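Sequence lines, in order, name chains A and B.
Sequential numbering from 1 applies to the first sequence in our numbering.
Sequential numbering from 1 applies to the second sequence in our numbering.
Derived by calculation from the structure, the hints in this document are not laboratory data.
Only a predicted model underlies this, so the values are computations on that prediction, with no experimental measurement involved.
Hints may contain errors.
Per label pair, the in silico range of CB-to-CB distance [as the list claims (entries may be wrong)]: (1) K56(B) with S349(A): 56 to 62 Å; (2) P486(B) with P666(A): 46 to 52 Å; (3) D437(B) with E110(A): 48 to 54 Å; (4) E124(A) with K274(B): 57 to 63 Å.
Here are the simulated EDC-like pairs of lysine to aspartate or glutamate, each with C-alpha atoms no more than 16 Å apart in a straight line [unchecked claim]: (5) K413(B) with D361(B); (6) K721(A) with D669(A); (7) K654(A) with E629(B); (8) K233(A) with E207(A); (9) K30(B) with D361(A); (10) K341(B) with E331(B); (11) K721(B) with D613(B); (12) K583(A) with E604(A); (13) K15(A) with D208(A); (14) K398(B) with E28(A); (15) K30(A) with D361(B); (16) K632(A) with D633(B); (17) K37(B) with D27(B); (18) K654(B) with E629(A); (19) K644(A) with D669(A); (20) K341(A) with E331(A); (21) K654(A) with D633(B); (22) K144(A) with E28(A); (23) K670(A) with E604(A); (24) K644(B) with D682(B); (25) K197(A) with E219(A).
Ideal Cβ positions, reconstructed from N, Cα and C, are used throughout, including at glycine.
There are 2 protein chains.
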Amino acid sequence: METSQNANTLERIFKADSVAIIGASKDEAKRGYQAIKTLLDTKYDGRIYPVNPKEKSILGLKCYPSVLDIPEQIDLALITTPARTLPNILEQCAEKGAAGAVVIAGGFGELGEEGKTLEQEIVESAKGVRIIGPNTSGMISVAKGLNLVGLQNVPPGSIALLTQSGNIALTLITEAGLKSQMGFNYYVGVGNEADIKFHEYLAYFTEDPDTSAILIYVEGLREGRKFLQQARKTTQVKPIVLYKSGRSAKGSKSAGSHTGALAGISEVANTAFKRAGIITVNHSDEMFPIAESLASLPLIDEASIAILADGGGHATIAADYLTELGIKIPELEKETREKLKAILPPNASLANPIDVAGGTDQNPAIFADCAEILLNDRNIQGLLVVGLFGGYGIRFAKKLAFKEEDAAHRMGKLVRKIRKPIVLHSLYNYAKPHSLDLLRYYKIPVYDSLEIACKCIEALSFYGSYRQEGPKKSNFHFTWGTKAVPEGRKIIDDALAEGRSALLEHEAKELLRLQGVSVSRDRLAVDEDEAVKYAAEIGYNVAMKIVSPDILHKSDAGGVMLKLKSEREVRKAFNKIISNAYKYKPDADIRGCIVSPMSAGGVEVIIGTKNDDQFGPIVMFGLGGIMVEVVKDVSFRVLPVSEKWAASMIDEIKASAILDGVRGRPPCDKAAIAKLIEKVSDVIEAYPEIHEMDLNPVIVHEESLSIVDARIILNVEGMEKRIRLSRDLIES
Amino acid sequence: METSQNANTLERIFKADSVAIIGASKDEAKRGYQAIKTLLDTKYDGRIYPVNPKEKSILGLKCYPSVLDIPEQIDLALITTPARTLPNILEQCAEKGAAGAVVIAGGFGELGEEGKTLEQEIVESAKGVRIIGPNTSGMISVAKGLNLVGLQNVPPGSIALLTQSGNIALTLITEAGLKSQMGFNYYVGVGNEADIKFHEYLAYFTEDPDTSAILIYVEGLREGRKFLQQARKTTQVKPIVLYKSGRSAKGSKSAGSHTGALAGISEVANTAFKRAGIITVNHSDEMFPIAESLASLPLIDEASIAILADGGGHATIAADYLTELGIKIPELEKETREKLKAILPPNASLANPIDVAGGTDQNPAIFADCAEILLNDRNIQGLLVVGLFGGYGIRFAKKLAFKEEDAAHRMGKLVRKIRKPIVLHSLYNYAKPHSLDLLRYYKIPVYDSLEIACKCIEALSFYGSYRQEGPKKSNFHFTWGTKAVPEGRKIIDDALAEGRSALLEHEAKELLRLQGVSVSRDRLAVDEDEAVKYAAEIGYNVAMKIVSPDILHKSDAGGVMLKLKSEREVRKAFNKIISNAYKYKPDADIRGCIVSPMSAGGVEVIIGTKNDDQFGPIVMFGLGGIMVEVVKDVSFRVLPVSEKWAASMIDEIKASAILDGVRGRPPCDKAAIAKLIEKVSDVIEAYPEIHEMDLNPVIVHEESLSIVDARIILNVEGMEKRIRLSRDLIES
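Sequences and hints are given; from them, build the entire structure.
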């Protein structure tokens with residue numbers, strides 16, 4: 001389906017002028033009653049058509065025996081009837097020209113593979129009517145009064161909400177209503193994503209002029225890569241705040257390679273989300289506050305914040321936590337300090353954090369003066385106010401409340417004028433003073449958790465610098481096969497023709513060489529004379545390893561011998577390796593030994609790829625040995641990766657300083673590693689038959705590297721899914 | 001001062017029957033007015049004596065020209081006058097037999113060393129009148145109505161609050177008043193701790209029968225070790241919840257040894273606090289909730305929790321987060337599942353987390369039935385209820401509120417009867433429904449942050465298992481010198497007599513040997529013949545190292561030669577080392593070379609000690625090389641440590657699995673490491689002149705270890721502080 005047509009369809013759904021309620025009921029406990037009641041209560045700006053063959057009217061509205069009896073084309077249907085009735089009803093909806101249908105019934109993909117098949121049948125029966133759900137809590141288009149959820153009193157605002165949990169939607173809507181003046185323009189319970197997927201809603205909200213931020217609660221993505229691609233486009237325009245649950249269910253399925261054993265889904269997802277400019281949230285209590293801040297405030301270009309406090313304790317806590325979050329609390333300009341000095345008492349702290357030291361006790365309007373001085377400082381990109389503001393009228397004297405209100409008006413206008421954000425923490429938030437409502441009216445959010453206020457600053461700053469940097473090259477977009485070369489294609493095809501599910505070591509290395517990687521010219525020797533000949537050509541010392549499609553773990557089979565220094569040693573090694581191999585596996589298909597140069601000393605690293613269930617091909621990087629096996633100090637990226645992006649993987653691991661040279665060792669060639677990771681990415685993109693690749697170890701020298709062992713596993717059955725997961729979605 | 005006398009004095013302060021307000025005033029803006037006003041408002045159960053030579057009466061109370069004019073002995077004085085007036089006033093207070101004085105004035109130790117001296121003068125002038133402060137916000141004894149802070153409406157309860165920030169006290173008191181029914185019985189602004197220290201207040205609250213939990217906000221401790229010692233005693237009886245701020249100010253001061261470079265204060269403090277049974281809190285918004293939970297609920301013996309939810313989203317978030325916090329969510333007993341099945345709808349999830357799947361929509365009282373079934377399960381030690389409870393009456397139908405209230409009554413009584421806790425998350429908390437107030441009446445806390453509810457579960461479980469385990473051996477108690485032996489004493493004394501600030505390597509090793517550590521018999525050779533002789537005795541290979549008090553970094557001076565295999569090599573090495581040393585430092589005092597056996601292969605570890613500003617001697621453990629230098633994977637303990645406690649340090653580092661044997665290597669002798677750490681602890685305890693000790697590297701073999709290099713730094717000037725910091729406080 002074309003993008004623009006798609007957008008039109010979603011526009012018809014979200015702005016529906018007519019909606020059929022199929023399964024309409026007079027029973028107040030039933031969804032088919034509640035939906036109509038809610039639409040009437042929310043003053044739906046459109047026509048409601050209850051459908052139920054047994055009723056004449058419901059809640060004063062004429063009731064129709066079937067969808068087909070409705071006297072006009074309908075835009076949208078809400079279907080509350082059971083799963084078995086769906087194919088017939090959806091077909092009728094199609095006949096009626098409906099753009100979409102909200103399908104409440106469960107019992108599909110959430111129950112397993114069989115349910116997924118059922119889902120596909122439903123989608124097909126819909127003949128182009130786009131389905132929200134099934135197994136959805138519904139959808140709401142607030143401005144239109146189109147509320148198909150039954151959640152009353154949704155506070156209006158500019159946040160579009162996408163969730164996979166009805167009760168999280170309820171939580172966020174309740175929270176917004178009770179604690180904020182920001183609210184929602186859309187809510188979609190995406191349900192099972194049988195038809196319309198996360199990324200399609202995302203595309204719609206990206207274009208929607210009334211949406212200023214998108215808030216997502218996701219348990220799992222059906223089309224992870226398309227989601228990333230769309231998210232990357234969306235975040236060029238507006239922020240996405242995302243909470244991913246289901247983190248404790250570890251997703252390391254395929255064993256047998258380091259990457260397989262270590263790639264936890266959530267690590268991969270978090271890296272990918274961040275790369276796509278998404279603000280990820282780990283605590284559910286931060287979801288709404290962060291979305292609210294991003295929907296309301298100017299962004300922070302550089303993470304340089306002033307803290308304005310009316311007590312030392314809050315200032316210290318805020319400074320500690322912002323520092324931990326990587327936010328700078330810079331020195332103030334001299335002029336700023338002088339201006340502050342003029343309005344604050346002598347014992348006030350004029351360094352950042354600023355402690356007014358009682359300077360606002362008689363007149364909290366001074367907060368606004370301080371805010372103006374601070375936000376005009378060129379070192380300062382945003383302001384965090386912490387402490388009692390909002391409570392002066394409660395704590396000290398009632399009349400001070402008016403001064404606080406004055407300050408609120410002035411701070412509100414200041415943010416609009418100066419385009420730098422203020423986030424406020426108030427310990428009187430729960431008491432709901434008017435001044436805090438005023439701040440929210442001006443879209444300055446207020447929190448009673450100091451830590452959450454800091455997290456909002458962090459989010460404004462993360463997203464601000466993301467936008468500052470401009471669009472990223474990485475578009476999560478694979479063009480399968482285009483990077484293949486005929487010789488490479490032949491290696492894969494020959495192996496598959498032989499019925500092998502793995503390349504031999506020298507084949508794997510050859511594939512890398514064909515992609516432009518400088519690898520050692522390993523030679524396959526079929527007898528000891530050849531081995532001696534190749535060893536002489538290469539020059540001593542050499543290493544020798546068994547070559548057999550039946551022996552993957554060469555060391556275990558006694559199939560590796562190193563540091564061979566002479567013809568005699570090579571001959572002895574050849575015979576020993578072959579006899580070990582037959583002992584290990586008597587019926588093994590043994591092709592000989594490869595002879596390769598011994599690589600010089602350096603630092604061992606591992607590069608591996610894997611297929612993630614949600615994102616398709618990913619790559620892992622880590623230092624060889626204990627750092628991967630014991631400390632699990634690794635970094636991940638969704639492929640493809642550029643050299644630059646690969647370089648960030650190298651810097652991301654905890655022990656990366658080892659590559660810069662420690663204990664008097666020279667630095668390693670990190671550029672060569674980054675280039676190699678990019679080439680690995682190219683190989684994966686070139687040959688979709690590759691399931692996993694493991695370069696382990698790679699020894700990195702001062703000005704080069706040596707790939708000591710390379711392993712490539714093929715899997716044709718999984719190829720289709722791999723291709724599907726990373727098929728191109730969006731031109732960029 | 002004796003403990004019991006101390007306790008009596010604090011009792012007289014906190015239960016004061018008479019209080020003098022020195023600096024009493026008619027000016028409403030002055031503290032000397034507000035204090036009297038507050039005492040009258042809070043119906044202070046005692047006699048108030050305003051003191052001001054210029055007034056006859058204030059607020060209806062007779063005013064006295066000086067303390068001495070008050071017609072009876074006073075228990076307590078609040079002094080609001082400036083610093084310079086203090087010595088005179090305190091002397092008069094002493095004359096009047098006052099037990100204590102609350103000193104508001106600042107300008108002392110918070111300004112630096114000079115201020116500290118001033119403080120000591122004040123304390124001396126007080127002649128035994130115990131001082132709260134100076135630079136304090138005051139103190140409150142709630143039941144007595146003795147409020148010397150000016151914070152009105154302190155909600156009463158059983159939490160004793162100790163802070164170093166007046167506005168954090170205000171925050172917590174405001175929070176309690178707005179969000180809870182639990183409150184405080186005491187508040188102390190400890191100020192500069194010039195006289196009464198944190199641990200003394202702690203001791204008082206430990207004995208106080210009305211205190212059920214102690215909540216502390218601390219920026220820095222003046223007597224860290226005494227605090228730990230008292231805390232260890234306190235936590236055998238009641239919980240301490242502590243937030244430590246000032247974390248971003250890194251406290252690694254002394255360079256030159258690994259321990260010095262890495263010992264961040266907060267890491268040391270956190271480990272020590274945990275060991276003393278203290279619940280440490282990292283986010284300020286968790287302080288009050290966690291204290292409230294601990295003051296209100298039965299503890300959790302084993303971290304095995306049931307989650308009861310009315311929606312999938314909350315259940316998933318709670319399960320994820322509790323898992324991350326190390327809390328188990330175990331299987332339910334068969335009987336439990338059957339009982340739940342009988343009262344919940346067929347689509348309810350009866351595995352843990354339990355999702356009622358609409359089963360409470362018509363009747364939220366079913367929550368209480370579920371709670372009873374779940375808390376009777378033998379696998380379950382506590383219950384976390386998440387979701388809408390409290391909001392059924394708001395969301396669905398008003399009459400459901402009464403069912404919720406019924407459930408609240410029953411859950412409240414259930415917790416009392418069954419002695420297992422319930423913690424509740426409600427997204428309707430902010431709406432303040434009556435049912436949630438009822439729960440709080442029964443001391444079941446309710447939070448609108450799901451994550452904070454989980455953190456309370458974690459705290460109940462941490463402290464529950466701490467109490468379960470019983471008192472710890474480690475009492476943070478040094479008995480300086482008792483473990484010394486005459487030969488060891490002589491080594492130290494001789495070095496000091498020579499004016500040296502470091503022991504030579506063989507001296508350091510000898511000190512360990514004297515403490516029972518098996519070290520290699522290194523021999524000091526003064527010429528090459530001796531070197532050859534010793535090498536023959538030891539047996540080849542040998543290592544040789546320069547011995548000079550002027551060369552601490554032997555390798556840098558070319559003063560180390562390894563793997564010497566013959567007489568010829570030993571002779572050559574001796575001369576080379578000596579000439580290198582003279583080249584490195586021409587005027588060096590060179591004593592010769594030590595000859596030692598080459599140690600076999602194994603895993604390198606580092607053990608080092610350091611002096612922490614707040615806690616005195618501490619020890620660090622880590623794996624040698626990059627794991628310490630680059631990854632900074634180390635663990636810390638406040639000394640002394642037992643072998644068992646040392647063993648926990650070894651298991652604590654991320655890479656500890658390396659010691660269990662990886663990649664086919666045999667496991668290392670972890671018991672030997674633990675024993676060595678204990679012996680290091682003994683050496684430090686034996687000789688207070690030792691400033692720092694570094695064993696680096698220690699090579700650990702399968703059934704022993706070798707201390708390759710040992711370095712001991714002496715410092716007599718710092719000795720007194722070291723001794724003071726870890727002087728014994730409490731018999732145990």
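Verification of the hints:
1. K56(B) with S349(A): 56 to 62 Å: Hint violated: Cβ distance 40 Å, outside 56 to 62 Å.
2. P486(B) with P666(A): 46 to 52 Å: Holds - the Cβ-Cβ distance for P486(B) and P666(A), about 51 Å, lies within 46 to 52 Å.
3. D437(B) with E110(A): 48 to 54 Å: 38 Å, violated
4. E124(A) with K274(B): 57 to 63 Å: 59 Å, holds
5. K413(B) with D361(B): 23 Å, violated
6. K721(A) with D669(A): 36 Å, violated
7. K654(A) with E629(B): 11 Å, holds
8. K233(A) with E207(A): 11 Å, holds
9. K30(B) with D361(A): Judged against 16 Å, a Cα distance of about 12 Å means the pair holds.
10. K341(B) with E331(B): With Cα atoms ~15 Å apart, K341(B) and E331(B) stay inside 16 Å; holds.
11. K721(B) with D613(B): Since the Cα atoms of K721(B) and D613(B) sit roughly 9 Å apart, the hinted pair holds (cutoff 16 Å).
12. K583(A) with E604(A): Outside the cut-off at roughly 31 Å; violated.
13. K15(A) with D208(A): Holds, at about 11 Å.
14. K398(B) with E28(A): 15 Å, holds
15. K30(A) with D361(B): Given pair K30(A), D361(B) holds - Cα atoms ~12 Å apart, limit 16 Å.
16. K632(A) with D633(B): 13 Å, holds
17. K37(B) with D27(B): 11 Å, holds
18. K654(B) with E629(A): 11 Å, holds
19. K644(A) with D669(A): Given pair K644(A), D669(A) holds - Cα atoms ~14 Å apart, limit 16 Å.
20. K341(A) with E331(A): Satisfied, since the Cα-Cα distance of roughly 15 Å is no more than 16 Å.
21. K654(A) with D633(B): Given pair K654(A), D633(B) holds - Cα atoms ~10 Å apart, limit 16 Å.
22. K144(A) with E28(A): Outside the cut-off at roughly 24 Å; violated.
23. K670(A) with E604(A): 12 Å, holds
24. K644(B) with D682(B): The hint holds at about 14 Å.
25. K197(A) with E219(A): 13 Å, holds
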